[in-house]
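S.K.: The chain contents come next:
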Amino acid sequence: MNGHDMNAPMQPAARGINLVKVYGQGDAAVRALDGISIEFAPGQFSAIMGPSGSGKSTLMHCMAGLDTITSGQVFVGETELSTLHDKELTRLRRDKIGFIFQAYNLVPTLTAAENITLPMDIAGRKPDQAWVDRLIDTVGLRPRLAHRPSELSGGQQQRVAAARALASRPSIVFADEPTGNLDSRASAEVLGFLRTSVEEFEQTVVMVTHDPSAASYAERVVFLADGRIVDEMESPTADKVLDRMKGLGD
Amino acid sequence: MVRAVLKGLLAHKLRLFLTAMAVVLGVSFVAGTFVLTDTINKTFDTLFSEISANTDVSVRAVSGFGADSSPEAVRDTVPASVLDVVRRVPGVQAAVGSVGGYAQFVDKAGKAVTTAGAPTLGFNWTDPALSPLTLRSGREPQRAGEVVVDVVTAKEHKFAVGDKVKVLFRGPTEEFTIVGITGFGKADSLAGATLAAFDVVTAQRVFGKVGRFDSVEVKAAEGTTALDLRDRVAKAVPAGVEVVTSQQVADEGAKSVQQALGFFSTALLVFAGISLFVGGFIILNTFSILVAQRTRELALLRALGASRRQVLLSVVGEAFLVGLFASLVGLGLGVLVAIGLQSLLKAFGIDLPTSGVIVAPRTIIASMVVGLGVTVFSSISPARKASKISPMAALRGGGVEQGGSLRRRSLAGVVVTGLGGAAMLYGLFGGGISLVGLGAALVFVGVALLSPLAAVPMARVIGAPFPRIAGMAGKLGRQNAMRNPRRTAATAAALTVGLGLVACVSVLAASIKSSAAAIVDQYLAADYIISTTQFVPNISTDLAPRLARQPELAAVSGLQTGEWRSAGATRMLYAGDPATLGKVLKLDVTAGDAGGLARGEVLVSEKELKDKKLVVGGTLAMTFARTGTKELRIAGTFAKNQLLGNYVVSTATFDANYTDRLDFVVLAKAKAGVAPAASRAAVEKVTADFPNVELRDQVEFKKQQEDQVNQILGLITALLALSIIIALFGIVNTLALSIFERTRELGLLRAVGMSRRQIRSMIRGESVIIAVLGAVLGLAVGVLFGYAIVGALDDQGISKVVIPGGQLVSYVLLAGVAGVIAAVFPARRAARLDVLAAISYE
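Residue numbers (my numbering), protein chains in the order written: chain S, 1 to 250; chain B, 251 to 1092.
None of these hints come from the bench; they were simulated from the model.
Each hint should be verified, as a subset may be incorrect.
Covered stretches of chain B, as calculated for chain S (at least 3 residues, CB under 8 Å) [unchecked claim]:
{"id": "1", "stretch": "495-505"}
{"id": "2", "stretch": "579-586"}
{"id": "3", "stretch": "849-857"}
In silico DSS-like links for lysine-lysine, alpha-carbon gap of 27 Å or less [to be verified]:
{"id": "4", "chain 1": "B", "residue 1": "K725", "chain 2": "S", "residue 2": "K87"}
{"id": "5", "chain 1": "B", "residue 1": "K725", "chain 2": "S", "residue 2": "K96"}
{"id": "6", "chain 1": "S", "residue 1": "K126", "chain 2": "B", "residue 2": "K725"}
{"id": "7", "chain 1": "B", "residue 1": "K952", "chain 2": "B", "residue 2": "K1050"}
{"id": "8", "chain 1": "B", "residue 1": "K414", "chain 2": "B", "residue 2": "K361"}
{"id": "9", "chain 1": "B", "residue 1": "K635", "chain 2": "B", "residue 2": "K257"}
Computed from a prediction, not measured in an experiment: that's the story for all the values here.
Here a beta-carbon is modelled for each residue, glycine too, at the ideal position from N, C-alpha and C.
Model the full structure from these sequences, guided by the hints.
M.R.: If you want it as structure tokens, here you go:
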């Protein structure tokens, strides 16, 4: 199923070593990440699951350079994030990382097409038009390109966001509850697209979710609880994930 | 509810501060104006009561203008014999005759000692028991050739007892020996005036009042009241002489200063009003944004059972508190503004004496009422909008972008603009200045109502180069300026007012400058213009006759001007030498005979003759302060001459009806065939003896006129600067609120790779567009205002509208720069947003 396994040892798209994230100080200190080590292989679709407060969002934010860790090391490709200043982190996010958030993914003053190419426009780079066209056709947004976000449905907005996340060919895409606000049909479209991007475009995708059926689109599920990795599952199905989650008490 | 309001305010101290700033500045201007004028008034009150502190009654000639106070100088003198009459009245302890006039020192470098507005006074030294003067060193002047100088002048010009000093008078310049230095009561000087005191005989001679006094000052004997003494003396004096208490004299003096200052204070209050008007725009805009942003919160309150009235009151209540805070701070700052205004006026040559700082109850009340009024009034419309929010809005998300039809608003805009324009034109062409002001205010409101229509296309054009300059950041900045046209327009509108007025004044100034040159060409025949820098006429009457004897000059005339009354209305007349007036000015006699001037007749301008329904050969009743009502025959008419007003008499007629003649200007024409260098040398040879005068040829004169206009333009622009600063605060405020509202979007942009620098550039772009938009609208309105006003000034000789293009363009560029400055703080705030907090912000 995953064609890259045979080429090992291959450099992971991103990895975290001994990640510790502490919020607050003294007695009030909370260890959101408590010594997590994790790798995301290139071309793999991973899901991170766990109950609320398990640290799954924190993990994603730290891996994506949106948040800083207390100790440990984060690598995106060969770059270690803790050595970077804001300017370099920003550039890394712009060029190497794609983002899909739960909501408010789009700039309301820009059209769908402009939102898709936003990271390249920010960088002042010409987008790879053939690639962008291919993405647009894959997400099925061609007729809606000239529309503003306010004229798009929630599912369409998330598909625009997904297309944007892939448009600059990032090394890794982080999706934070991308279907959290969608109905099941729209969810299936967004998740299907992410799956396709992995299978057809060899994109690396990491998705935080607490929806077992969303997780079933991934090739691998990592379970978090209390800031630690408690389990992993290959080739998940919704039922298997649900069973495991029950064990974690979500 | 009150607690909710208070908590809301305290939770957003910065917002409170920015909103309040708009009102604070306006209120401080109002308070500053009152504090300044009250302080000046108080200074003069003290001064005048000090002058009369040692006397009880004053004896003087009756004024032809009747009982209402008129400037002292134009009264007639009384014969010296009145002094003896008064001294014999029982109850008089002592009496002295007082005589004064123009006396200007010449310093050791040969330059005339000038003041910034205050008079240069000379008078006779009187018994210190009856005068406010107190010798500081030396002795009093006892005989011809002796003078006493005030402390300040002596100090500033290094005069010491024993020095020789030249003094300029109405007549020939004379030299004196300084025998004493005097203070004025406890003070060193009299409100910036220079003082020269002589023995009585010398004073009467140099002021042209031999055997006469301006007034007799009387001190009552022990046990006699001032009123008793007044009545007793009144019975003894001849007809044409009146007796008043010294208190009344002091009150009259203070009142005339107050009236003169009234103009000043009104002018300053107009500028304060403009600032508050602009502040009102900003309050309105800020509260509109706040209400829009708090839609959900307010809807929740409604859902929880708050009534519409309570919601409305919560917004008005917040405005009230902001207004209260702002008014108090503004009042405090007003004292500083008073000091600032004084130095501003001083920088423009208007020096006003002050001592201490007077904060009258009126100042406090006016500041509070105005500050609270503007804030609360401006919040009413947003508050009404808030009260109409349905409880259902709590359940719907966002709701930040306000909809509503622009059509009704635009229709209202057209009506208000039309009304304002009509009021303005009606005011300009006869309706009065307050209608012009009201009309202008309405036009600005109308334009503000209409401007959302223009905001999007204008922002698109103004921002057109931005994407090329700043890429995506520029593009987003432009889009942001266009996304909420009402907000952009309302923010820009505040700047529109200030820049509109600046543009209007610039057009006016440019037109006046061009017309002033035309007036000189059209109406002036003289080659040389001799004038002084003092506000009051102070050219010696000796100058013109001496110039007339120069063989290089063909014609010379000194000009005088004076007030007279007709049926209660005060009018001006001009006087000159009938033999030469027509040679130094282009005096075009259209009917009758100019020769009548020499026979004591009056020339009237054609237009005035028609307007007042006078006839050539008929008589005109003219009332003079000194001589009462005189019937003058109308000798003829002359075509409009901007330099001569409507009534012209001969210098002899002037002398017969006014005291203390001094020329305000002397005009000289060179003989044909004399080289300019030779004629100028001839004039300079004479003017060298009169160091207070300045000599200009026509070219220099035009330049000076231009400089004067520029100076006034500079002063007005400086006073309008405050309203422009307030408008910039408005931009800062709107941007800060918009950024707050777009936190989530900014977080997204940062997450997908926008650098802090690009975020700043984006905010800057939006700011520049708003500022330039406001400036362009302002310039358009201002130029139209300029056209209207110049049109109305046509018969003042300002006929040609001149649009100072370069200047207007530079205003737009400056507005752009101001936009960049206004964006500094909001841009930094936006760039510093914590990305993670921003994307998880709701």
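S.K.: Would you mind marking each hint as holding or not holding in the structure?
M.R.: Hints and how they fare:
| no. | hint | in the structure |
| --- | --- | --- |
| 1 | 495-505 | violated (count 0) |
| 2 | 579-586 | violated (count 0) |
| 3 | 849-857 | violated (count 0) |
| 4 | B:K725 <-> S:K87 | holds (21 Å) |
| 5 | B:K725 <-> S:K96 | holds (24 Å) |
| 6 | S:K126 <-> B:K725 | holds (16 Å) |
| 7 | B:K952 <-> B:K1050 | holds (17 Å) |
| 8 | B:K414 <-> B:K361 | holds (14 Å) |
| 9 | B:K635 <-> B:K257 | holds (21 Å) |
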